[in-house]
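Combine both chains into one complex, guided by the hints.
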Amino acid sequence: MKRAELLSRLIVTVAVVGVVGTPLYLWSRTPIIHARMAENGGWTPDVIQAEAGKPLHLKLTSDDVMHGFAVGQMDMEAVSVEPGKVTDITLNFEKPGIYTFYCTRWCGLNHWRMRGTIEVSGSNTDLKPASPPLYVSLNLDIDAPHDATVVPNGQPSVSNGQSLAMDNSISLSHEEYLASSPFEVFDGLKNSSLTEEERWDIVAYLWQSNTTPDALANGKQLYAQNCAACHGENGAGDGVFADDLAATGEASMQTMSGAENMMMQTPVDFTDSARMLGATPALLQGKILRGGMGTGMPMWGSIFTEGQIWDLIAYLYSFQFEYPK
Amino acid sequence: MSPRFLLLLFVMAGLVVAFAPLPVQSVTPQERTIDIDARQYTYSPSELQVNKGDTVTIKLISTDVVHGLYVDGYDVSIEANPGQTATLTFTADKAGSFRFRCNVTCGAMHPFMIGKLTVGTNNWLYRSIGLATLAIFGTVISIKQKA
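Protein chains in written order, with the numbering used here: chain Z, 676 to 1000; chain R, 703 to 849.
Chain R on its own, in the form it takes in the complex (with noise of 0.2 angstroms):
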């Protein structure tokens, strides 16, 4: 086999697992209620996975100063006092991942205080996968046939 031809076909390869179309798994919206809990500076769960179309509750639990919670990309938000525990309802209704930060000052380390919302499958990580090995690959049989 030529080398071009070779080249040709990872490329056609590379192309097929970067860009091909998925088939879209349909997945009912369903609720989904999380409760966070909030202190200075974190958020548990600080990583939030949902799907799709999804009606997400977010029950916010602070327990030391007053925090907040604004999702990037969403353009929502809450403010949560200790002892009065602040409710945010929201369709995710945007596939990817987003921040999530407070926006209330809470101390020095307040602009460290941030998690993240991934809404669907993230495709990017397997494609991202899928390209990696495509290239050892490609290196691997290179340079076995300049051998």
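Next up, chain Z with everything else stripped away, as it sits in the complex (with noise of 0.2 angstroms):
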């Protein structure tokens, strides 16, 4: 062999390797994230470490069915990982910190325990102290009950009181709002000369002008991805696995403290006017943010920003009063 044809071929054989292996190596090098039904494994790896300022590269790719992948607290846009292909994904992370990913796609009845976590790390140190939320600065027990003593028959209509608002001269604050339930401004407008029906579409009124159309179209997106699957499309509690949960938490709960128990694995109805009614704000806060703590309602507090748990709320009484949905 020639000494030119041996340095050609070796040339050759070097950019092949490199057009060829470079970006195959760096690829390999990008973490795959395996995702799986929670009953399977959920997310393996589960942990991702991460530093602030430097972006993330992910592949995601699923084992059994369609999921999905986002970050909670973080504004982006969810990806959905199919079985058999690979997504790829960038994520900047500005703060360093401890984020939760979950998925996004519905999996099953434990579809909300495919959770993992990313830790950040990173020298930013002007980070501010949360400030407690707003169920634990008015100090409510959220596990206690808050029934309403007096409901209204039928929907109460929010342009009737409108009007009468108007006239008598009654408003609600944002703050008062936040910490008063349906029920007590009721009941905080006894001593006027007004009938039963005419308080009830005040409140209504009063609970309509402390949202806004935006808030609420959030609120019901945000309800139709996360929450109706459990609690029903039309808020009655009666979502595709209303039954199973029902039949888990008897199974689960058999060896505990009883019938009592089991009745908290069924999700919320929210059409009932006494539970909803009875229900402050803050407090459905406090639900959502620590989530029921073992009957099958998970806790949203790492996943959801406060503007959307607030969103989510002001949904959530529309099953109540009758806001231009």
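Treat the hints with care, since some could be wrong.
Listed below are the simulated DMTMM-like cross-link pairs for lysine to aspartate or glutamate, each with C-alpha atoms no more than 25 angstroms apart in a straight line [as the list claims (entries may be wrong)]: (1) Z:760 to Z:680; (2) Z:895 to R:737; (3) Z:734 to R:781; (4) Z:760 to R:774; (5) Z:734 to Z:714.
Source of the hints: derived by calculation from the structure; they are not laboratory data.
Okay, here's the thing in structure tokens:
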């Protein structure tokens, strides 16, 4: 073999290895995350390390059914994680901390258990301490019964309430709205000459005046994506997983403290007037933030932003009051 | 009767049964809404029957994981997340039997998650019943003649 031939062969080999091999090597260094149903292991790995200020590349794939991926409290579009496909995604974290990532497409009864964390390290020191949520500063016991003792006959009319509130110059500030239940406001009006029906109409209007169509639309979307599978599309607690939840609850609670606990596994009915009209927005915030502690209701504190929770709560009251949805 | 004539008679009768044009039944097209429950790995109901020209609205309710519904021949599809009813509306303007299938991978038995959409009456079923009866009849006669 001539020297020139040997040299050219060498050059060609190096070029081929460089062109094909380098991107392949770089691609293989990005961690690949496998998604499985929670019963079969959830995310592997479920803890990911990252650094603040540096982009984090991830590859996602599913081993069984369609899943989704999103990071909680982050303004990002959720991506689908499909079996047989690899989804590439790049995330940017500005602040260090522990972030929760979660499955966004329903994948069974234990869908909400599919969560993992991203530990973002960094030296950013100008972090503000988080303020406690409203239900904590109001010192609410979110597990105490809170049923309203009087409920309206039929849905209160917002338009009727508007004119009545104007005539009697009644208003409700946003702070008062967050801390009081519809029933408390209704009860507070008892010294007026108004009938019960009129008082409920006013309450409906006051609740509507503390929300916006945008917030309701956002709440509706969040509800459909995250709540409707158990609580039902119309809020009646009859979602597609309600029966399965009750069955699972019965099985798991049998050795514990009896029938009362079993009931807790049924999703709450938002069309139940006594329950909803006796609940303050702050109380609902607590329930959503913390979750149901073993009842099947997930804790949303690490997923939703505060604004998203208030929008969702505004939407929950729309099962009681006739807002333009 | 000669066997040849008889054979000819039966062949003629067979052709009539197979290809004679049927009087066209005028069915007024209507709107149909069908709720379909989808779970791993079945649809319920999995057999749909509509008339030609009907406007069909399928509400797909998924009760475990994300499922889809794709109608072969019509090339229309939807995807349903549990808790979010998905709606598909199309006009059944093609007669015949069509397969519909799940088009979102939903687990190991996903390829077997199928159903059938029948548009119009199943004329071929009745025609083939007629042909089969003729064939039996013919066989019996020819055996008798030989005996």
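Earlier hints that do not hold, by number
1
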